[in-house]
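Chemist: Listed below are the residues making up each chain.
Number of protein chains: 2
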Amino acid sequence: MKKILLSITISLLVIHTKADDGHKLWLRDKKALPVNITCSINSPTINIAINELKQAWLGKANASISLRIVKNPALKNDGFIINSSGVEALTEAGILYGVYELLRRQQTGQITTGIIISNPSYNYRILNHWDNPDGSIERGYAGQSIFWRKENAFTVTDNDKKLWQEYARANASVGINGAVLNNVNASPLILNEDYLNRTKAIAAILRPYGVKVYLSAKFSSPMQSGGLKSNDPLDPEVIKWWNNKIKEIYSVIPDFGGFLIKANSEGQPGPQDYNRTHADGANMLADALQPYGGIVMWRAFVYSPNDKDRAKQAYNEFMPLDGKFRDNVIIQVKNGPVDFQPREPFSPLFGSMKKTPVMPEFQITQEYLGHSIHLVFLSTMWEECLQSDTYEYGKGSTVAKCTDGSLRPQKNTAIAGVANIGLDTNWCGHDFAQANWYAFGRLAWNNKLKSEQIADEWIKLTFYETQSITSSNNKLAWEQNFLNPVKQMMLESREAAVNYMTPLGLHHIMSANEHYGPGPWWAPARMRADWTPPYYHKADSTGLGFNRTKSGSDAVSQYNEPLASQLNNPNTCPDNVLLWFHHLPWNFKMKSGKTLWDELCIHYDKGIQQVRAFQKIWDKAEAYVDKERFEKVQRKLRSQMNNAVLWKDGCLLYFQQFSKMPIPAYLERPVNNLDDIIKNDTPQRRRPA
Amino acid sequence: MKKILLSITISLLVIHTKADDGHKLWLRDKKALPVNITCSINSPTINIAINELKQAWLGKANASISLRIVKNPALKNDGFIINSSGVEALTEAGILYGVYELLRRQQTGQITTGIIISNPSYNYRILNHWDNPDGSIERGYAGQSIFWRKENAFTVTDNDKKLWQEYARANASVGINGAVLNNVNASPLILNEDYLNRTKAIAAILRPYGVKVYLSAKFSSPMQSGGLKSNDPLDPEVIKWWNNKIKEIYSVIPDFGGFLIKANSEGQPGPQDYNRTHADGANMLADALQPYGGIVMWRAFVYSPNDKDRAKQAYNEFMPLDGKFRDNVIIQVKNGPVDFQPREPFSPLFGSMKKTPVMPEFQITQEYLGHSIHLVFLSTMWEECLQSDTYEYGKGSTVAKCTDGSLRPQKNTAIAGVANIGLDTNWCGHDFAQANWYAFGRLAWNNKLKSEQIADEWIKLTFYETQSITSSNNKLAWEQNFLNPVKQMMLESREAAVNYMTPLGLHHIMSANEHYGPGPWWAPARMRADWTPPYYHKADSTGLGFNRTKSGSDAVSQYNEPLASQLNNPNTCPDNVLLWFHHLPWNFKMKSGKTLWDELCIHYDKGIQQVRAFQKIWDKAEAYVDKERFEKVQRKLRSQMNNAVLWKDGCLLYFQQFSKMPIPAYLERPVNNLDDIIKNDTPQRRRPA
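Sequences listed follow chains A and B, in order. The first sequence begins at 33 in our numbering and counts up one residue at a time. The second sequence begins at 33 in our numbering and counts up one residue at a time.
I should point out that these hints are in silico values taken from the structure, not numbers from a laboratory. Given the structure is predicted, the values throughout are model-derived calculations rather than measurements. Hints should not be assumed to be uniformly reliable.
If you only want the chain B side, here are some residues facing chain A, beta carbon under 8 Å, derived [unchecked claim]:
(1) Glu183
(2) Met255
(3) Ser257
(4) Gly258
(5) Gly259
(6) Leu260
(7) Lys261
(8) Lys648
(9) Arg670
(10) Asn674
(11) Ala697
(12) Arg701
(13) Asn704
(14) Asn705
Listed next, with one range per pair, are the computed distances between beta-carbon atoms [unchecked claim]:
(15) B/Glu484 x A/Ala557: 35 to 45 Å
(16) A/Glu484 x B/Lys711: 35 to 45 Å
(17) A/Ala697 x B/Lys194: 40 to 50 Å
(18) A/Ala697 x B/Thr140: 27 to 37 Å
(19) B/Tyr698 x A/Asp354: 39 to 49 Å
(20) A/Leu508 x B/Asp572: 37 to 47 Å
Quick reminder that beta carbons are idealized off the backbone N, C-alpha and C, glycines included.
Chain A on its own, in the form it takes in the complex (with noise of 0.2 Å):
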């Protein structure tokens, strides 16, 4: 008996789903159930929207549905309303989106009854990519661009034509709109004809899932690809190459979104090369573009090497320009003041600018959170962000609420994020990466949802299998076994990524080598400062941590009271900020009546007992996820784990010269030498995006 009772165990662990490759994300093939739907409309949006009610309807059997264009004052923008008799909607996309939603709500097991209304947080709700004309991406870490490529680079074969519309289909479904289709760090190539006939034939996949395209311009075009004289934005004969171009781009592509642009900032050409301001350049685009609806999103990412708190720049060079801006130019501005770290305070530009735009531009893929290899869920550094209190029309003045125009009237509201996406069959390298694309787009449709939601339907969306569910092996056992843990571990993995890499306000002391591992103690002579790791940790004898209160560099002043106060105090800083606004000695104590030290080790720690434990939690839902995905998510689980511990040791042993403490006795010891870990990292020139 009892041998037969170990063979039914060992069977049940080989019982896997079917092989998966990942390549249908959250849209997975469904079993649907017949629907009868009415539609007075007939247009490639519409039909889309009743293609996606035929193939995953997974409500009451031949039920009968309808889908109509409304008038409605609840509804805005894109929004929709779903009740019993169907999906209504402003816009065909609002249609569209509201189908999405409906099956999606079937799929997770949300209710569909009653009436749900759903209006868009962002008008635009937009992907960059930092895809280059040569199909390489900055930053990304799966694969090449699924736009452009080196060789046969302007044919347009049909498996591009699918895989654009695969994506598009996936953006249309969690609401994404828009999509810059090139690199913040743009070749003036992409505005050249052959460019321009390819993004041409991408927008037109593109259009009936509701995506606009846009593209980054070099603002240096005018001499690069015009061979005019002048860059200068107030010069007419620049102006009028940018109207000619904008006109020919129109013709091209007559829904073209816009422009995106990156300007004086890390080498990239602006205005500030003619002394003409951030204004100046984003209002002779603006103009252009005005006359046929489009856009310009002005990026805010700017530091100069002589700047004593880099973290101030972008506020120092915009805040004297509010009000200056044309309307149709929003001002792109990251998540926090230095640049994409897994941590860092939201930038203070979100709750200062009081008569132009902003736009949150997060980033999806994980250039400072473990590439492809690490399992992070952002959504959680996303909602803290969006939820974080700016206080600038008092308390609840939120993120959210200051760039989706609840406190004040915007005519654009929008949010970007940096995309993830490349030419791996599963679109991301990881396959938990899928999931921030998806919380992306949930979150830009919706700044007010919780992470927890989001991770719930994902999880539903992309691992649930009905076909594979057997009777030992049901929805509850499911739930338990996996939907429950791997949430938690969703949700706990941003926070456990911080603590292995940079707790307590540390940012910015990651390897030069492609931002991968630890390097606090990378710092070559004639490096500019800003680009090392020491400007920002600022390590010593007297203690750790970057001074930005009043006695330091003022940062805190940039924030609105009380929070500046709050945060100027280090006993009322919270601590997951601490180290961002100041520099405090090794032994100071801290909330915990512990030292600063200790608490550093203790966080350090903490992350990678962490992923020990995600490790665990994954192994053990192995009979419920396809042997495809769980390998290769077990495979980089593993080298994440390895990785965690490069950068707590890297770190402890660094800052451990300095500190001169010992890690505290109870905690696990080093199992790398700091010589080692630096001999063995190669850095490379960084290239900031």
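Following the hints, complete the assembly by docking chain B onto the known chain A.
Modeler: Below, chain B alone, put in the same frame as chain A:
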């Protein structure tokens, strides 16, 4: 008040004892008390004994000590008596050993009163140096040879003499009385005049310390050095050549010890090349050495590529020759039947040869046990071998008794250890590897010693410094916080290595790349099978392990009853050699009730948990060790931990391909992927020794 307490805690941690480079080994400088020594003899050896007493006397101040050569039937060989009047012995060397014993007892707090009689377990207590004439050392991990070098190869410097003297003193202090100065894979060069003259210079330094020199001779020397047409041991020309060569050697070094021979083993030439037996070869040399009192140590480490079970070969080749060797031949047998693995059963030759002296060969250098990186105290391994019961003459016929003359009269008894000594300042690379040199000497002198006592002595001699012990940091604290935990670590360390490398009787599954990391997969095409791990572990879908039972290779029958039957049955075979003797199903039920696979996982996991605990033990001991040695050992423990995890991950993931069973959910998960481990291992051609 709290602040004051804190600073005290910290300052305690930085009060290190003074830096120590480890060069003085267990013979550190003492603050000696005055002592009056009387001795009627004036000789180099006695003068050394007197100096040692004067430099290190920690007994009663101004005590009177006499050193006397006596005839006492209680004494054998170089044994000694310590009593209230001093030290008595048959020989000057015996006096010296007695002095070292007396001083050691004073330094380690052992009793020095009453009458202490001590005779050596073996007449010949020999280090084998695998040093090549060019100064390299096969399986050496502590720098180049202290005897030979490439540049200025035949110049004897004062530094050479000083180092050789320190070496001789260290050997004498633990009773080692012989040194084979060159590699068993011998170069014929070593018997040339230049090398013999250098050997003479070494012998001159070693002689007063009672250490004789030996050489490894290449069996093909007659042809390679003498220009003869044969090496046939029965060829009169060959016999003549060896007679002349040996005559030459003794003319240079009158007390030359003899030869160590590796013949017909791993490509080395030997008598079998001429259809002669090992006995023919050994006896020819023995006859030539006999007039001078020299001996032949003839290695039984033989196996051929077409053996079905390499483990049986030595027994099969040598047992038929039992009784056919001259009485100045000793058969040198590695502790286990294969090759210095982390754990092997004892070689059955120890319990079988009745008419031929057999000497154990232990490997002090850690070829298969982590080189000079892993902290592995080998004393427990050797103790385990020495105390293994062969049942040769009934119960209690331990390997120790079968080799030391206890059970049958033997003219010569001997033991050899392959040295771990090189030009590194601390001699052995790892500070704790010194303990293995020490332990070999102590066990060679007294094969009944317990490893616990050896470790206790060594730690006290090596780390305790009266001058550094303050009132708040006293001897009791030192014992509680340093001696006891460090001793525990040492005593557990070999089992830890077995756990994370080769638990449950696994063996020879190391990387071909210098035998450091794991390599159970390594099996290139056309490589002789018995040099590849799969030959030894035989993992397949049906199970794991080498079937050496009666139904397999029947190696069990080389052991005496009742041991043979005990080993033959998987239910009575000890777990720690189970897979040595059995190929068992992955779900075989172990004595614990768990499956073989689970026990395998548990053992590998335990190994890494043990090393992790060692790291904590060592770090907690920081205040009690000089900074230099503390940090060196700390660094090595980190690397050991890393390598232990690599072993665990590599082996479990490799074997899991066959077992198809999950690593138990309560164990830590792998953090390395199998293909990465294999890729990063760059196998070189194995050069076995």
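Chemist: Tell me the hint numbers this structure goes against, listed in increasing order.
Modeler: 1, 2, 3, 4, 5, 6, 7, 15, 19
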